[in-house]
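Novice: Residues per chain, in single letters:
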Amino acid sequence: MSIFQTLMEKPWATAQGGDVPLDGHQSFSMPMEKVGLWVFLSAITVLFTLLIISYGGRMELGTDWRPLPDPWLLWPNTAVLVLSSVFLQRARISARRGQMDGVRISLLAAGGFSFAFLAGQLFASYELVGLGYFASTNPANAFFYLLTGLHAIHLIGGLVAWARACAKVRRGFEARQVALSIELCAIYWHFLLMVWVILFSLMLIT
Amino acid sequence: MAHAGEAEAVYVPPAEVPDVDLYHAHSWITKYVFSQDAKVIAIQYSTTAILIGLVGLVLSWLMRLQLGFPDTFSFISPTDYYQYVTMHGMIMVIYLLTALFLGGFGNYLIPLMVGARDMVFPYVNMLSYWIYLLAVLILTASFFVPGGPTGAGWTLYPPQAILEGTPGNGWGIILMLISLVFFIIGFTMGGLNYVVTVLQARARGMTLMRMPLTVWGIFVATVLALLAFPALFVAGVMMLLDRVLETSFFVPAIVSMGEQLAYDGGSPILFQHLFWFFGHPEVYIVALPAFGVVSDVIAVHARKAIFGYRMMVWAIVAIGGLSFIVWAHHMYVSGMNPYFGFFFATTTLIIAVPTALKLYNWVLTLWKGNIQLTIPMLFCVAFIVTFLNGGITGLFLGNVAVDVPLSDTMFVVAHFHMVMGVAPIFVIFAAIYHWFPLMSGRMLNEGMGQFHFWVTFIGAYLIYFPMHYLGFVGVPRRYFEIGETMFIPPSAATLNEFITIMVLIVGFAQVVFIFNILQSIFKGKLSGRNPWKATTLEWHTEDYPPGHGNFGELPLVYRWAYEYSVPGVKDDFVPQNMPPDQIVRVQAAE
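Protein chains in written order, with the working numbering: chain U, 738 to 943; chain E, 4 to 593.
Chain E with its partners taken away, still in its complex shape (with noise of 0.2 Å):
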């Protein structure tokens, strides 16, 4: 292999990339709604994903309003709590969490990080975004179609989620599968140019293993992605079918309000298995990004390399292929055969070895760096700690055996909160206090920053932490109210309406940081250049924000992205693209 180092002072062109149009789009339209240009894309995935996100999170309020006080809130009806609970959790796991992760990080980041002036196939990654604009627009439709959004339950489970009794049985499940089949396609075309971009359209000299781990995360996560998505595009398809033409591909004979159906020998539990062959790797769709984030904010805001780049790498990977033979450990309750349930616990827990891997590397990444603790990085050990909290309930409930009494109680409601729910969040925060310099030229208000980690910190764990104890005392989860159960104390009730509290003020402090990115971008104190001396190659571009084509001359890469506290270095930081020769270095003081 060819090195141009600093003994032979070889000249190295930059890579060459066809000059195109969109790097100077002409009108407003071009350059703003239809724009091909990857960060105004991201932009609109964000502020698309976040919208429909505060949807998501009001539904959580209104859920939790029942539930910690039944019987006060006469306008929510068995109906609307299970139709809540069925749209909260679809928007947050795939509108917001997929979207805002993939669509948005990934759109940003990826072509920034990797030295590249666009996506590669920009036209498709803009049809990408409107596709996804429209599934969203489909979704929210739901809400206000006679008999409202379906209430199946996020996991949309035949034959209940289109018979008659479930709410929502009509257009309100229609419209979610259509959305949903509309959500994969606009995703398959993002997620063709993520990949195509991080493998065809490097800057010359960033190898695969220079690249940030942020851009590992998002890349595995979408390739995960790209396989997974049409095991959920199959069973939507054929339960859209079996809902609009009878046919009977998840649907048994049944008996439906003392009628026989003309249904006949379909299979649920196929339906079972399609959706956790999604549904699984979804976890890590959404986990693998925030992996990666957590990775290179952790590293800029405690100045020091991260520990064990190779293995965080092999871990993300490794995480990927695991993710796909895990998927049954959803179905315990469904009924299976042992050898088959032994297999699934076996494979789920053993994916808690590369993932307990990433944990201590971070740990070690910590360990003696020169700690910043900026909201970013607050937010980024919040990650750990939660993510580790989630993981170890993950572990109980990887065993057939525990499993069985707790799936249906509070109990994996706060565990899938802690590990999907809140850890990602808390990333999305870190990626947004930490990122929102480069977008805007402006930093976040310090002190709402503040406030809205704490209260969200403490918050997420008044709320999730109880919720834990009621799943042992045998709360069941999806239920409209439980009333007088012999086997729940009354303490359980006053635990809910704590927990419901908590909800409110935590969302109060959602309202102070939205608030926080609507001023700061008009407002902010202004960041300067590359405000945390990061050496990623975002923070090197020609225009500050960077503009459009990205980098002025594409970059050339010299290094990987972690030299953080170099000794001998004046800065504490060299950048991936800084030229040996240009790197000041200090004489030792003795």
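With the rest of the complex left out, here is chain U (with noise of 0.2 Å):
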């Protein structure tokens, strides 16, 4: 049912009778839980269009802007996030097939190429400060560090999702009841590759 067909109901209508609708009382039918993970995206992207917006403005605004070296060790970084997007595309097909084995080597890999992606990022960071890419000395570094920033932080906060799900793995959970949690942290992490992907183009290109 569209919106639009929701908006023009006219609900006084069936008031005097009465009746009970069987389906309409859930828009989405999906869990709750994805639904929950859309909205959220939805906020996220918000929050990095603004960041890109504001890169752009900042960008024009003065003379000042330098744009810094970016390290050659994004460039593998960039492929170690891919890898860690497909390991959990993996995990998330395994489930759906009630493939336990598939579900955990799968989950593992996510998960160790997601905090080596961390690492690089982090070891990327130091790289530059050792240069003396300073946050302070020009605003092109300063948005670097504050993009990179805030992608690392959401991802850890899905590394905590995903922990969630190694847990209910480890503690023996069927294929089908850990089958949502692994999705939720394959597009999670879809979207984030996505959002670090423009990033990392928007800083190439400038």
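To be clear, the hints were calculated from the coordinates, so they are not data collected in a lab.
Because the structure is a prediction, the values reported are computed rather than measured.
Think of the CB as a built atom: it goes at the ideal place given N, C-alpha and C, for glycine as much as any other residue.
Watch out, some of these pointers could steer you wrong.
[Claimed, not checked] Examples of chain E residues lying across from chain U (beta carbon under 10 Å, computed):
no.: 1; residue: Phe124
no.: 2; residue: Met241
no.: 3; residue: Asp245
no.: 4; residue: Asp267
no.: 5; residue: Val560
no.: 6; residue: Trp563
Using the hints, put the two chains back together into the complex; each one sits in its own frame.
Specialist: Printed below as a string of structure tokens:
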């Protein structure tokens, strides 16, 4: 049912007799947790969109914008993040098929790659700081640390959900009981991967 | 769509949700402290919000003492004054109004009104409160740090917010920003709950267009908040970096105290855009729940269906959408491209259309209604008048040419206090008087309620009406003292004294109100079930006041929420969950 149809309903028309429609009490035919995740993702989308707009706006202003060299490490790092996303997707598929072995391996691999990504990001930042690119010396540097930092914090939050999914697997839950948790992680990781690709391209082209 | 109506006696099973342990909290701690029950969380949110709101109230008294009687109170220095202004604004807008409407009423009413056992993510909901409390504590802590709280004005404009010379530019501003960041994190957790509960956990038969307008208002406000708070989050984090790491997001090259600072090239205007991209929706984050509550309370106490339910819903949605494209009307005096100003002036005026529509519908709901002048009703009528007043001055200020001369005067103070201070507070009072019996099983004292209402209502007008005139003669806002100024007549000082005295009187009425609440919790008259004879689900729970898990068997919803004064029905209302065959009908007298 489209939103417009919904908004055109005339609730008073059925009030006298009174009836209970069998459907229409849930707006989306998906689990609540998934709806919650999508709502959350829209809020994060606004967050990063505003950051990107600020980035563009700040770059235009003033004459002090000196782009920093993008550390080469970001390339393998991006690949690592892609891998973690791929493995979560594999875990999602395995869980759907009921293959717990596949779930276990893929989940661990995805987590491992995520931690590797975080370590890589941290190392890249250290490297930049070591080269004298402090946050205070140039807005380009400041934005680099801000964007990578906020992205990393979101990934760390995702790792909490990942850890909970792992705990469920360890406690011997069945595939269908962990399928939803893993699916949510996978969606979140894909989303963060997308955000990272956008942020990274933004930093590359400027 | 399959229906189960009175014609076909089809049995429709109630929607089922898994039984969760939290519906049977075992220990005192999990029941009342670390509770995952939305109703307890709501009370926790409300209590915290009201307590910090009282701090905001006292700050306003101190401010008024200074303005009414300059050179009298030696303990108020200009530094203190700016800190009062800032903290008063911040506390009232964010930590009181937002938290009370969404965290308080949202938590209490959404699950009950849509017929759910609880919020959908109770654990996250609990975290939401505790993070909010942490934010409040950090905010409070800023009163006790060296240098005191920030005195940058509630909009925290850089560069002055973080530079030497502004009160509290050390720990004050840092704690303020950290507190805001925590508030936003906590709110987001709660907000996810409110939105998903409304979307996915409604009782069978509760279609979106059968929801009470209170739920609609809170729902759309929460969506706004989820999309608007990220802007404040971004602005807050960036300013924090500017302050702590000396980055230059917002601070331009600047000479402060005769010294060239390390900052270079930042844009204060960028902060203003981010701030108001949050700040304007924030007005509606506060106003939309108020709109919803007023609609429901008026319908109950006028014993009449809300006029134009669908339009009310559309207006809420339209206002929500429009509120994202008007923000720069707060920045006319910052200087902008005239076409830009033209655009924002136009959108600002357009938003008056759905708002006016709502006002007409409220008045038309009252028209020929069986109006009961109960305290909630009185506060709602007061809201309608006040919101209209504040809205109309908003039309003045929405125009660039009028805004520019008035912007830094008391006129603006009068405008926004009318429209988003007094008006929503009236609704909060209405809601407390209306739903207090549901929360406690007891009525609030009527006599004290009457006193509270009349003093607050008349007092608020005596405070803010004269302020419009002060603004017109050019009394500036934010000034510690005016002193002798050529273009301001001496009578302005007299008027300021008068306003201050009224503020103290209205303040006293609030003390009476708090006393009323405290006394009524223990000694109030027992209300009995559904004292207002309302149709909505929250009054038709198994236990009264509703217990953990809200309902016995989840309710079936047969109709919308506004079946009042139905011809041919014995009672003058038909609850949403009453099966058609149980309605007691009377034969016509003839």
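Novice: Each hint should be assessed against the structure and marked as holding or not.
Specialist: Structure-based check of all given hints:
1. Because the closest C-beta pair between Phe124 (chain E) and chain U is about 6 Å apart, less than 10 Å, the hint holds.
2. This hint holds: Met241 (chain E) has a C-beta 7 Å from the nearest C-beta of chain U, less than the 10 Å allowed.
3. The interface hint given for Asp245 (chain E) is met, as the beta carbon of that residue sits about 9 Å from the closest beta carbon of chain U, less than 10 Å.
4. Here the hint on Asp267 (chain E) is kept, as its CB sits about 5 Å from the closest CB of chain U, short of 10 Å.
5. Interface hint status for Val560 (chain E): upheld, as the beta-carbon distance to the closest one in chain U is roughly 7 Å, under 10 Å.
6. Among the interface hints, the one on Trp563 (chain E) holds; its C-beta lies about 4 Å from the nearest C-beta in chain U, closer than the 10 Å criterion.
Comparing the model with each earlier hint shows no violations; every hint is respected.
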